[in-house]
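Student: Single-letter residue listing:
There are 2 protein chains.
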Amino acid sequence: MGKIQTQKVLVVDDEEPILELLRYNLEKDGYQVETAVNGVKAIEIAKRFLPDLVLLDIMMPVMDGVETCRRIREIPELQKTFVVFLTARSEEYSEVAAFDVGADDYIMKPIKPRALMSRIQAIFRRDSKTDLPSKTIETGDLKIDRTSYTVTVKGREVALPKKEFELLYFLARNPNKVYSREDLLANIWGTDVYVVPRTVDVHIRKVREKVGDDYITTVKGVGYKFSGN
Amino acid sequence: MGKIQTQKVLVVDDEEPILELLRYNLEKDGYQVETAVNGVKAIEIAKRFLPDLVLLDIMMPVMDGVETCRRIREIPELQKTFVVFLTARSEEYSEVAAFDVGADDYIMKPIKPRALMSRIQAIFRRDSKTDLPSKTIETGDLKIDRTSYTVTVKGREVALPKKEFELLYFLARNPNKVYSREDLLANIWGTDVYVVPRTVDVHIRKVREKVGDDYITTVKGVGYKFSGN
DNA sequence: CCACCACATTAAGGAATTGTTAAGAAACCG
DNA sequence: CGGTTTCTTAACAATTCCTTAATGTGGTGG
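As you go down the protein sequences, you meet chains A and B in turn.
Convert by adding 68 to the 1-based position in the first sequence; the result is the number in the working numbering.
Convert by adding 68 to the 1-based position in the second sequence; the result is the number in the working numbering.
One or more hints might be untrue.
Identical copies look the same in the list; a pair holds intra-copy or inter-copy alike.
Cross-link-like lysine-lysine pairs, in silico, DSSO-like; alpha carbons within 30 angstroms at most [unchecked claim]: (1) LYS148 to LYS76; (2) LYS288 to LYS230; (3) LYS96 to LYS288; (4) LYS278 to LYS245; (5) LYS288 to LYS76; (6) LYS293 to LYS211; (7) LYS203 to LYS278; (8) LYS278 to LYS222; (9) LYS293 to LYS177; (10) LYS230 to LYS180.
Since the hints were made in silico from the structure, they are not lab data.
Note that this is a predicted model, so its numbers are computed, not measured.
Required output: the full structure, derived from the provided sequences and hints.
Tutor: Put into structure tokens, the structure is as follows:
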């Protein structure tokens, strides 16, 4: 496994054990690692270390991950740097918010090292940032804009509440893929909260009410999917 | 509610109240549960019980969780078993060691039963995803896509109800192999429900009605087979 | 040629799943 | 704090799907 890597990774988290866990696994895979315990120090280190990838905890004292990411994005030398968020809760910062400040990926804690490493490899593999997830998804006469949490249907703009938006956004990211209620709960609500699966139905209905019945299809006994026409 | 689960869970913790709490919640959700109060007994029980998941307290007398996990990983029959650590906040330092011996996840104490159950579901769901065989089958002008639960015949997309889809998908996975009605019932309906074998005929007919008569062939006195042209 | 057998087809009742609504709880916002 | 929006849950309605049994069809051997 001793692949020769020259990639530089900066890990930012306020919890010492997490830093060690990540450093241990990254170095084992041959990455060059630096760590920082808050956003301010991260910026400092980033300027001289010029990492290829920053792993950034969203919840931190002094300067949180979102703000740190925004500052990193302003540094000319770091234009090509990847930023990946680490987050414990789906409630406080959503995937949508993370992408909005220029994150390249979004990983939920608890961190499973093997899964994380394969995600990181995947990020480096798409070396050009051309295939960044775009800020909007467009199919037919539906436009989903994650910066404003709005959806435009046939030119008519509709504002969706958070859960409804994320539901539609999640389904639309993988058109035609069927997700069970449990899949949707795990991905949108997170695994740390429990809500009854039928709650999904209600949100589905509200989304349909607002954007029309033509986009989300029910697959009985299985789940829901987005049908790009 | 009473979904039939056959998943086996071994809970290992030195605190009796924790064991009871977990047993109660797991059994309520239909899991088959065994418990052990230390690592040595856990290994013993695991060898004969062959659990699908082990919930393992990190801090235990006699043999701690990390060592127990290492031993479990050495047992050939338990290669596919998930190991999830239970850990209190103050014990976070052990994460590195925990993942290094092959843990699949960790859950923080104090345990919130509903969140725990949702995490456990997520773990098993992840598993069932990975061992699914190739998601789409293509032969001639028929395409069967398990991701979207749709079948495409000569470019025309048809939606099949669950049982019909499963039936077609199952037959198509082994073209030209003849399955008796009993085989099909056992594999698609499962062994714990009884339906009369002729029910299969009705489903076969409905599938033919939707995708055409050219794909499923009747072998008189034996059963049905998928004929890849 | 007819009786029998296996499968095909149909229709109807019941089972299971999803749609819809409303009400209370929780989060949000001045 | 109020007032408002959003989220969750539970109840009931609507719908789809599954199963069964009854009847139809074609082939086959006596």
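Student: Each hint needs a verdict: does it hold in this structure or not?
Tutor: These are the hints, each one checked on the structure:
1. In this assembly of identical chains, LYS148 and LYS76 lie within 30 angstroms of each other by CA distance solely inside one copy; the values are 12 angstroms within and 34 angstroms between copies.
2. Taking CA atoms no more than 30 angstroms apart as the test, LYS288 paired with LYS230 passes in both settings, with 26 angstroms inside one copy and 7 angstroms between copies.
3. Taking the shortest alpha-carbon separations for LYS96 and LYS288, only the inter-copy value of 26 angstroms comes in at or below 30 angstroms, while the best intra-copy value is 46 angstroms.
4. In this homomeric assembly, LYS278 and LYS245 come within 30 angstroms of each other (Cα to Cα) both inside a single copy, at 22 angstroms, and across copies, at 21 angstroms.
5. Taking identical chains as interchangeable, the C-alpha atoms of LYS288 and LYS76 lie at most 30 angstroms apart only when they sit on different chains, with a minimum of 28 angstroms there against 41 angstroms within one chain.
6. Proximity of LYS293 to LYS211 under the C-alpha cut-off of 30 angstroms is found in both arrangements, the shortest distances being 17 angstroms within a copy and 18 angstroms between copies.
7. With identical chains, the CA atoms of LYS203 and LYS278 are at most 30 angstroms apart within one copy only, with a shortest distance of 21 angstroms there and 32 angstroms across copies.
8. Taking the shortest alpha-carbon separations for LYS278 and LYS222, only the intra-copy value of 12 angstroms comes in at or below 30 angstroms, while the best inter-copy value is 33 angstroms.
9. Proximity of LYS293 to LYS177 under the C-alpha cut-off of 30 angstroms is restricted to the intra-copy arrangement: shortest distance 26 angstroms within a copy versus 36 angstroms between copies.
10. In this assembly of identical chains, the alpha carbons of LYS230 and LYS180 lie at most 30 angstroms apart whether taken from the same copy (28 angstroms) or from different copies (25 angstroms).
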